[in-house]
Each structure stands twice: as structure tokens, then as C-alpha cells.
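Trainee: Spelled out, the chains give:
There are 4 protein chains.
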Amino acid sequence: MIKAGVIGASGYVGQELIRLLKQHPEVEITAVTSKSNVNQHYDDIYCNYKGIFTNSFEEQDMDRIAEISDVIFLALPHGVASKLINEELLKKTKVIDMGADFRLKDIGIYEEWYNTPHYSPELIGKSIYGLCELKKDEIKKYSLIANPGCYTTCSILSLAPVIDHEAFDASSIIVDAKSGITGAGRSLDMGTHYTECNESIKAYKIASHRHTPEIEEQLSSLAGKEIRLLFTPHLTPMNRGILATCYIRMEKEIAESEIREMYMDFYKDSPFVRIMKEGVFPETKWVKGSNYCDIGIKVDKRTNTLIAIGAIDNLIKGAAGQGIQNMNIIFGLDEKTGLGDIPIFPA
Amino acid sequence: MIKAGVIGASGYVGQELIRLLKQHPEVEITAVTSKSNVNQHYDDIYCNYKGIFTNSFEEQDMDRIAEISDVIFLALPHGVASKLINEELLKKTKVIDMGADFRLKDIGIYEEWYNTPHYSPELIGKSIYGLCELKKDEIKKYSLIANPGCYTTCSILSLAPVIDHEAFDASSIIVDAKSGITGAGRSLDMGTHYTECNESIKAYKIASHRHTPEIEEQLSSLAGKEIRLLFTPHLTPMNRGILATCYIRMEKEIAESEIREMYMDFYKDSPFVRIMKEGVFPETKWVKGSNYCDIGIKVDKRTNTLIAIGAIDNLIKGAAGQGIQNMNIIFGLDEKTGLGDIPIFPA
Amino acid sequence: MIKAGVIGASGYVGQELIRLLKQHPEVEITAVTSKSNVNQHYDDIYCNYKGIFTNSFEEQDMDRIAEISDVIFLALPHGVASKLINEELLKKTKVIDMGADFRLKDIGIYEEWYNTPHYSPELIGKSIYGLCELKKDEIKKYSLIANPGCYTTCSILSLAPVIDHEAFDASSIIVDAKSGITGAGRSLDMGTHYTECNESIKAYKIASHRHTPEIEEQLSSLAGKEIRLLFTPHLTPMNRGILATCYIRMEKEIAESEIREMYMDFYKDSPFVRIMKEGVFPETKWVKGSNYCDIGIKVDKRTNTLIAIGAIDNLIKGAAGQGIQNMNIIFGLDEKTGLGDIPIFPA
Amino acid sequence: MIKAGVIGASGYVGQELIRLLKQHPEVEITAVTSKSNVNQHYDDIYCNYKGIFTNSFEEQDMDRIAEISDVIFLALPHGVASKLINEELLKKTKVIDMGADFRLKDIGIYEEWYNTPHYSPELIGKSIYGLCELKKDEIKKYSLIANPGCYTTCSILSLAPVIDHEAFDASSIIVDAKSGITGAGRSLDMGTHYTECNESIKAYKIASHRHTPEIEEQLSSLAGKEIRLLFTPHLTPMNRGILATCYIRMEKEIAESEIREMYMDFYKDSPFVRIMKEGVFPETKWVKGSNYCDIGIKVDKRTNTLIAIGAIDNLIKGAAGQGIQNMNIIFGLDEKTGLGDIPIFPA
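Residue numbers (the numbering used here), protein chains in the order written: chain A, 156 to 502; chain B, 156 to 502; chain C, 156 to 502; chain D, 156 to 502.
Do not rely on the hints blindly, as some may be mistaken.
For chains that are exact copies, the list does not tell them apart, and a pair is met inside one copy or across any two.
[What the hints assert, rightly or not] DSS-like cross-link-like pairs, simulated, lysine-lysine; straight-line CA separation at most 30 Å:
#	residue 1	residue 2
1	K380	K247
2	K432	K177
3	K190	K423
4	K260	K456
5	K423	K295
6	K177	K491
7	K456	K432
8	K190	K260
9	K407	K360
10	K158	K491
11	K190	K432
12	K158	K247
13	K290	K423
14	K246	K291
15	K247	K423
16	K177	K291
17	K291	K491
18	K423	K360
19	K360	K432
20	K456	K407
21	K260	K407
22	K407	K380
23	K246	K380
24	K238	K281
25	K177	K247
Because the hints were derived from the structure by calculation, they are not lab data. All values derive from a computational prediction rather than experimental measurement.
Please model the entire structure based on the sequences and the hints provided.
Mentor: If you want it as C-alpha cells, here you go:
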């Protein structure tokens, strides 16, 4: 049994981690922490766990938790994880960081977009970006995994198969993404007060969302050249789900069927990526409650543009599920272990 | 492995059965039928199953399916199941009927409320009302299970522990229930067109809903006397969930804590019923995606009334989940097998 | 032109008052206040007003505002209005209090349910409960109007026509009410965070909601005897609307058609009450955006119970609209002035 | 008083026309028709009109209705209006066609995208595209107005001010639009069944939506050159509202403030267009229930792209409201008459 601790278990990502860990056949939960809920029972905060997971939140004693855990998940705001971990800790336990602190390899870009110094720059080179479909073989060599962002997972997976192909103009990418409101977390805010976001849609953090450089860095790495793109997130009145509508111009004509083959081939060893048939496109409802990423493509011949659309459950493939997938990989399990849930519909 | 067939697998209840059966560790699906989808692939109708369950719908050949199945689930409109099954068929296979045809033991009441003759009255006496928490020991003796309705499951479980207690006036019961819109099924109807039911709530089938006599028959049986009650269903703008707010007048004073003890005791062997602590009340979100029924109680001393509130996921404990629970019981499995999902939140 | 000021104009009720006042043909807005928004432009807080109402919030200088206003609307938490007004102020201006401070005539009941002393008990006797359909003739004589609560308006209107009739058992009343989430106001709270209340329904403040004594006091007054009833509010995942499902036992048989006549007759001079035809019941969508209260009735002969169902827009007939209606009455205008909006659908 | 008839008054656009016409101070409704509802009372179909508009649907006798009407609104499927009207009819009455038949001036494009012959090609030249902000002066000269589509109105208004400017690459336009579900109308369809579209978002008619050539034709006309663009509509789980996120590459650097000036200037005589301040962007909630089109802009210097975002209420500025605005213009009224509703929030 893998012994797992969760630091920051009272937010939505932490809570989803608990659900997946608790249902995982090879995991035992060692500790849950939350600064504001110490000594409270987990199922008093989240009544869905009543009679299922009744442990108390404990103090965030990293050393102690590292002693008793094979892996620690950090579900914390950016700037906190990088203060919390160090090489000593990583000798005792693996760390899967659900936050942003180790996602960007370029520390300058991190400090520019997050507007804060990085507190453990020496660890950046010792961490891996845990987008499982792209880095499966490398991930298993690392003790510190930077679990990707939700928008980024969906956007990168939707574009990766063509990004290094000469027919596509990598400088033309626009990603117009739509997220459910769990993406904004559980902290109270006027923007996520029910009656302020229900029955309305808006774009936000236009041309300034922090997932932009993360998508760019990974796609640049895949393409072998520097890519700049435009990313626009939208807040959509629903609980879960991300839909990323990605546009990339084509400089040569390629048949849609040929591009679909490229996608099928690229993801042939990726059990969680499903490429839609011709004329079928993802809807967030078809992946809700699962670790799948569905991708559909369409070539618009009138404008020579590939439209690649991806859909994920932001709390699963976009966060906790991918965290579990990373854990499975680093511990040598089948990456699907504990992630077999069929999408639940209508939910 | 239990071999299971699903007749009427294209509706929401059928679909939820497929999800739970497919994830069940002791089940193999033998056949799925749907009159209007013969030869279509399951995952072309329900894309959540893409790459997971790709079988084709087949003709509804009951004899053949009975030959290859240990159990058949019927997810059909009322009046259809009673035509479809007979004693011959029940010798070959168990049948769990998700519909209404065998729920009422009084054929006169059935014919009055459903406004149709009953097509196999001889089987009524050979069937059992499959409300697992009340009939666990009897269920295992039967080959034909009448799986309870969604509203009825929630209402009966909320009232059962006190219904035969002298302090409660069984003639005073009012059940005011609220259901999500999956309860209305997948057939197109103006009442369930998105823009007709979104952002609105209404009562419907007031004083005339067919779950009324079903609740009455079961509560009467528990109380040992005839009970008439008032049941009002409401359509609530959400996908899943039933909340039943039940009112029963008290003729003697009993402390709320004492009543809570009665509930705890009544359900001490029922792993899917959770009795809330004092001051905590069910919300449908806390049971969504699970087979739980949460119950909270409150005594209003000002009016001497017990308010018992139950919450279920109408497609799980109110339909498919309870069907699986019945299957587990009749095949001698632990009743929780395949039903261990933690409620998914926020979903 | 009536000169009107709004104290507490930054909440949802205040905002709806501004909308209705601004569109009212006989009103000019003199001042808007909000403690936390002084000097901010109204349309920076509420962008719907961009280019329409751009005034700044000012300090809450009651004397000054009274000088320049014919009427002042108070949209404040309970316990605040009673500190703010006095007889001097009421000599200068009319006051329509949207809050609870002057709704209950029995000060003991007020202090018990609101758990606070009353700060201007001498004014209670000089105020009138502004449920327009019941008190039209008296309202015009008063300078201080206690605008009724949202649940109370809907509940009282649904039961008033039969409450003093001998055939009905006034001791048996249960009101099971469902409200949209604007009813909880604009203050941030975990219970109204989008992802905590979306796709779920719950009862709250069970047997303890403060609108209970308000309904009781008014119905008692109509019935000419003391009435105690049970009131259960539910939080429903939608922005606006209240549906009150009211149950009252009948001790004699009366035909539904005869009861409907009683309702039609009772409200024959009430342009905002619409009595539904036989077999038709209110839905909150049909009154949204309007000052209507729709009422449908059904007699359940099986249990000798009258089910009376009322629907209102909680922010209009349940708050701001009724406030305007009260203003129209005290200034001698047609009560419909500025309240002619047809319900907006689908909205 | 303008006498107005509505052909096809039972759909959502027809119903919204009735609401606005009924509230219009200068209009009297002469006739309402609906093939499937003849002789039914309007308020039996739409209960919001109870006691307000109780006329019966009548036969669709165009000649008779033309005799008694100054203007006829057609709210019909494409291909129907073009059969229904002719020059004779246009001599008797003005016609405002809410459908697609006269929007495209290039008949070949119409027949290609709508896959049907045009039934009155001789009238195309005698009609005007009724996007009021662009064609106010011409509209008043015409008897046949092609009321623009919902997506098109929002998209064109968002891009018009810069489309002919040399700094912008008109060949680079991508419009990623999100619509509420009233946009799909009232006809029953699996895609708009509540539980199929609630809590999910999807793109549809990708690179093939019929509003594409309509946007192109109008923008081409403004730009003075042929424009091809990519348009992707998305179905969003909410009743009303369209948000169009428009991308256009810049070939020269222009300050955002300068572009904002261009927008302010372009719409200086357009009372229904509101240009947001720097850093503020439209949300559909702020225009709901009104005829406004809110537009916000942002220059992304990293990719030299202008992001222009427009928001409208699809049933008002995107349909019925613009129809009324057109009517006001052709009858010489202030274009705001009857369209003064402040956006209703939270609704």
C-alpha cells in the first residue's frame, strides 16, 4: 500500500484528491491538513464523507508527515509549496505539487507572471512537469512532480500532436477556453457568489492568465522553437468541466482524416485520451467525473484553420486525477489504477 | 461472475444501470436492448462510454437473453414489463423490474392509479417490493423484484422508523418532495425543455402522483394499519437528486434525541442510510453519485410535528443503485459490492 | 414627481428598488447610500446601470436626505432601521422599511425571534404592515410602512382567502416554501458560493425561520384567533422566485370550484394577484420580473386538504415591487404605476 | 398608434416581440398567428401573459392581416418568409422579417448555406439589412427589413469600428461565440432537453454555422473588401445571452486607448451600444432583459491581437428588441421608444 498525505485538503482539489485516494485500491491516507480546520473532522467540512472518511485535520507538520508517507500531495496556493519543501524532505518522500510553483522551468517567467520571488529555485531543475501523456517515461525518475494546471492540460493535449508539424503555423495559436466554476476554488469571492455568476458568461484575465506561459513553455518544448499564443479563459455557469477551443492556422493543406490519424497515433498509448470520430466533438458532460480528455478536430478549409477542441473534468484530469495518475506512474502501478470511473451522466 | 442483461438500456435509468454494472467487480453484461436503437453502438448514443462499453443494442428477444443471463433488469414504461415476463422466464433467470408493474400488491389500486389493466396479475404475489433496507431477508427468496420508485424510496426511508410508533399520528403525513429533472427521463417534452424548466420551480401532479399509493402501501404495511397521506412532487432545476420533506404530527412529546436514537437503531444494519447529527440536515449535493440516503430530523415543539428530511440521488438509490443492491442481495453478495462510490462533489 | 431616497442601495433589494424607481414615471431619485461604497459610482458596482444611473453613493446623512425626499426606502439589516428613524424624521418624510424591524406588532415576539432589543418601540404602533392586498386602505394613512418579507408575502396571500372560514382547520397549516438564491442577499457566504448551492436543494432554518411569526401574526389577525403554523424554507438553485406550497386541512367538504370563487372574490380588487384556472398551477418562471403573485389551488379529497400554491418574484412582489406599490398607495397614485412589467420569459 | 401583427408568435422570438410590443407606448397589436395554436388563447400557451394579453391565435391570413396592420413581424423558419411575402403585400404594410431569408444579399451564398432555393429573389434588392447601428439612415427608406441574426449582431458590432482600418488584418478574424439556450428556440430536441445541456458546454456547427456568411457579408461591405472569417458557436447552460469573443491580428501597433476612442466615436450616436472602460469587460448578466450591446476591448501586445468582446441579450438586441428598434426607425419614432428597460439583475 502506498501511504499518502494531503497538505491543503480542505479546498476543492484537496477534497477530490481525498475521494480518489480513498477509492484507490493501493493507497492508504496517512494525514490531511488544512490550516483553518485543524482538529475538525473531515466529514464535518464535507458531509459527503460522512461515515466514509472521518479523520481529523491535523497540524501541517511536514517532517512528521514525510516520515509516515510515501507520497505527499500539496494542494496549496502558489508561493507556498516552494517554501514548504526542500531536498531533505524529498529524500524521505515523493511530492506531487498540485500548484504552480514548479510548473515553469524558466524562473524569470515564473517571477514575472506570478509577481513573487521563487523560494526554492534549486529544486526547479529537480522537478518534472507531470503531464502524463507527454512525459510518462521521465516522470518515474523524479521525486518532485509539478502537476499541470487545468486549462493547460486541456490546451496542451489538444495541440500537442500537430505542434511540431511544418504545415501548422505555431505563431497563430489562439486558445479560447471555458471553465466551470469549481476552477475558481472554494474561497469566497463576489465573482463566484451564486447569483453573480449563475446565468451569465464572461471572459476574465484576458491576455493575462497565468496558464498562458505554462502552455507556451510546454508547446515550445514540443515544437523545438519558441511559441507565443493567445489564451482567453471564460467563466461558465456550471460546476465542473473545461472546454478548450484551439485555433491554429495551416500553411499547407492536409486532409482532416490525415490529421485525425496523427492524433490517434500520438495518443495510441494514452488510455485517457479519446479522439472523437469525424463530425463528433467533445462536450464536457461526456467526461465529467472521469480522468478522460476527449479531443475532436475540424479543418475549416475556408480559412485554412485547424480547430482542435478538448474537454476535461477540471478537478480530475485537470487536477486530482492527473495527480493520482502521476502517483501511479512513479510507484510503478498501471497508470489507470483507481482512475477507472466511467463518466457520470447526467450529473 | 453474474451475467446481467438490461432491457430498455437507452433511458437514463438503463444508462445508469450500465455504468454501475460495468464497474461492478462481479458482473458481466450479456445484452442491452432498446427498441429504437437496435444495432447502434452504445457509445454512439452515450459518448461517455466511448472506449469503455461499445456493445450494440440488440433485438429484445427475451427468451434468448434469459438463456444467457442470470439476471435481467427491466427499465421500461409501466404496463410493458407485466406483458414481457412470465413464470417460464422466471425459471430461467431472476428479474429486477425498475418500473411500476409489480410495486403495488393491491391490483385494484394499480389499475386505478395507472389506468390500465395488469397483464400478469398471477405474478404479483410472487414478487417482492425491493426496498432493501426494509426487506433484505425476504428479497433473497424471490426471483422477481419490484424495484421501488425514486420518490417512494426517499419518503419511506424517511418515515419508516416512526410510522408504527403510537406517539405519531399516521393520518397526518404530508410529504413535500423536490426532484431533479433526470426524474422525468429522457423523452422529449415541453416540460423538460431546458429553457422551460431552468430557473423555475413548480409543483406537478398535485394530489395525483402515482408514487402516492406506493408510499401508502408500504407505510401501511409497516404501521399495521391503513395510512393515507398527501404527497406533492416538485420539479427542481438541477440534474439529479431528491429531497423529501416529510411532516408527521406528534400526539405525545418525545425528545428529538430519542427520535434520533430510534432512527439510528432502525438503520443500524443499513450501510447506505446515514442519520445526520442534531442541527444538520441533508442536502442533495452530499449524496450525488452515491447509493446513500441521508436523513435529518427536527422536532418543532411549537406545532408538535416531526420534520424528517431525506435526500437521495434519484438515479442511484432511487433507481439503478438500488437495483444493483437488490441484485447483490439475491446473489448472496455483500449488498455494498459495486456501490462503494463516495458522493462526488461539487458535481 | 415623488422624490425618493434609498438607504442601503448596494444590496439586491436596494438595487431592484433603483431599477424600479428609475423606470417609474412619477419618481426622481434624490440619494443613494451604502456604507461600504461611499463615493463610488452606482454603475461601477452594478454595470447594468452603465449610462443609465451613474450617481455616486453618498454618506448616510438621514436628516439631509429626509429634507430632500418625499419618501425614503430603507434596505438594511434588521436592528438598523429601528435605530435610524424617529418621529422627527417621520414628520419630514415617509419611510418604507424593507427590513423586519416594524413588521411584528408584538415586541416580545420580535425580541424573541430576532434576539435583539427593539430600538424604537414607540414607533411600532405608528407603523403599518404593508401587505398591499390586505391593507390598502390603511396604508395610505401611515408615514412608516413595514414592507413585508418575501416568504411571508407569498404565504399570506396564498392562505388569506380561507383563513377565517370555519371549514378550514387553522391549526393544521404547513407552509413548505422554496426560494431562489437572491433571497439570501449579496453578502458572501459559503452557503451561497456558486459551487456549494448549484445543482442541490436543501431545507434550512427548519422550524426556526424568522418569517414564521410574521406569517402567524398576519394570519391570526385575519382569522380573529391565534394561529401557529409550521414553515419550512428551502434554498433552490435559481436566481429568483419563491414558490410556497401551503397545506391546510378541511373539516368540512367544500368543492374546489367554490374555494376558487372565494379566492377570485377575495382578490377582485387586487390587480397583482392572479388566480389560476382549475388544473393550472403557478411556476416561478411565469411571474419572474413582475409584481404578480400567482395562486393555484387543489383540494385533495383523499386527505381533505386544501393545497394552495403561490408564486412570486422574491425581489419584486417579495421586496422592491411591493415597496413601490406601497409608495404608490401612500402618494395616491394608481398602485400599478411603474409596476406594469410583463413577466420576462425565459429569463 | 402603430398597428402591428406578429406571424409566428408562439416561438421564443415571437413571444418576446409580444412582450415588447405590448409594453410599447405607440403600438397596438392587431393579430397573432401560429399554425399549431389556432384559436388557443395566448396566455394559455404563455402563462406570464395571464390577464395581460389574452388574444387568440388566428389563421395566418396574410392579406387580411396586412389590411389591418401598419407593420407585420415575421418570426418564421428560413424559407417560409420568402414564400409568404410579395410586392403586393409590401404595398399595404411594412414587413420586419426576423428570419434569415433576406439577410444575405448574395443569393448564391444564401442558397449554398441554407441548401434551399430562394422563393422571392426579386425582393432581396428591395430589402435592407436591419442592423440599426450601421444602417439607421437607410432603414427608414425600406418596407422590408431583414432583422439580423443574434450571433451576427453581436459579432458585427464588436468588430465594425476597426474593420476598415489598415492596422488590422481582416483576414485573421476568429469569432468564438457563446450563446444561451433560448437561441435554439422552443422546438423539442435532444440537444436542448434540460438534462442534456445543463452543466455542460459544447461547440456546435463548427465552421459551418449559417451566421458565418452573414457576418462576412456585412463586414466585407464595411471594409470594402472581401472578408472570410472563422466563426465557432458554443451552447452555454443559461437561458439568455450571447458573448462573442472576437480576435483580429494587428499589423501595426496602436494603443488600446486609441482603439477605445475609435469605438466610442463610431458608436457616439448609438444609444444601445456601451463601450466598457479600460480593464472592464462585458458579462451577459449586465445586458439581460435589455436592448444593450456592451463591448469591451483589450490589446494583447504579446501577440499583437485585438480582443473585442461583445455581449447582448440574444432575444432582445439579438432578435425582438432590434425588431422594435427597426420599427421605431421606419415609423419615425425615437429608436429607444419602448426599449428603455434597464437590464434586470440578478435574473
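Trainee: Hint by hint, where does the structure go against what was stated? Just the numbers, ascending.
Mentor: 1, 3, 15, 21 and 23
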